[in-house]
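Participant: Since chain A is already given, all that's left is putting chain B on it; use the hints.
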Amino acid sequence: MNKPKLSKSGAPTIPMNEPMRWADWLAGRRARRETGQRVAPGIIRRASSSSDQRLRRLFDGERGLPFKATDEL
Amino acid sequence: MNPTQIQRALADITAETDPTLKHLKLASLVSAVFRERGAELVVVGGSAIEFYTEGAYVSGDLDFCVESAATALTARLRQDIMAQLQATGGPRSWQVGGLFVDVLASFENLARTPIRRLDGPYGEVRIAPVEELIVERVLISKYPVDYPPALECAKKLLAAALLGESETDWAEVERLANDRAYKNWIDVRKLVNEQAQTLQIGSPYHPDE
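One line per chain: the protein sequences are A and B, in this order.
Its first residue numbered 2, the first sequence is counted upward by one per residue in the numbering used here.
Its first residue numbered 15, the second sequence is counted upward by one per residue in the numbering used here.
Here chain A stands alone, though its shape is the one from the complex:
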């Protein structure tokens, strides 16, 4: 298998013209999270939407599952 191209953050680059391997995408999760934190820190899940009722019913009052901490990625 060819090694993926790496971004400036160290995450394997999501390619434009060929499929990304699952393992490569997984390997970049932490770096991608850290990049996002540099420009928009914290969890940015919307506080409400038109799907609120069904989401809060399914997720015990929340709008989705809790996110993993960056160091767990």
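Worth flagging that the hints you see were computed from the coordinates, not collected in a lab.
The beta carbon of each residue, even a glycine, is placed where N, CA and C say it ideally should be.
Label pairs and their in silico Cβ distance ranges:
#, chain 1, residue 1, chain 2, residue 2, range
1, B, Arg106, A, Gly43, 29 to 35 Å
2, B, Arg194, A, Pro20, 29 to 35 Å
3, B, Leu124, A, Glu63, 31 to 37 Å
Some chain A residues judged to face chain B by a derived CB distance under 7 Å, without partners named:
#, residue
4, Ala12
5, Pro16
6, Met17
7, Arg30
8, Arg33
9, Thr36
10, Ile44
11, Arg46
12, Phe60
13, Gly65
14, Leu66
DSSO-like, lysine-lysine: derived pairs with alpha carbons at most 30 Å apart:
#, chain 1, residue 1, chain 2, residue 2
15, A, Lys9, A, Lys69
16, A, Lys6, B, Lys204
17, A, Lys69, A, Lys6
18, A, Lys69, A, Lys4
19, A, Lys9, B, Lys204
20, B, Lys156, B, Lys197
Facilitator: What follows is chain B alone, placed relative to chain A:
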């Protein structure tokens, strides 16, 4: 996929507690069963943004649009397909594997860049091009009124693109932003330049670069 393979996949997805992994695994499975019936789906919305950014944005909805279909995706056909996954509800929105899956309208995509592809655990996942997601989120962040959640998404998408985490055609971003469908080039250029400055890297739109 045979029923045993589907059952194993569903068990894995149902047990998954990481929201981002759960979305992409389910996207892979749903895409696979639709593909077997001649239909290609594209992931749009929050799940697509999460794929590019790991941005802690996604909620409990997994949204698809229909890219192509060999035969009309009638309500009956959609119900038959989703029945394989023991989904409840329909005919455009179902509960399955601990998430809500919405199969919306045809994929409206102005980008000339390719739909991105991920070799998911149960089959290929097709994801809306990052170029159009950027321009769209910048638009939503400003119009009809300022909307901070969309601005934060746009910033994260831009950061990922600027650092090369997703291969991005900046000329296409510019073309889309100038298209009459968006007409937000000034806003896009400003935000790109601001994020590049925050990241202390060159901007594709800076005159000195």
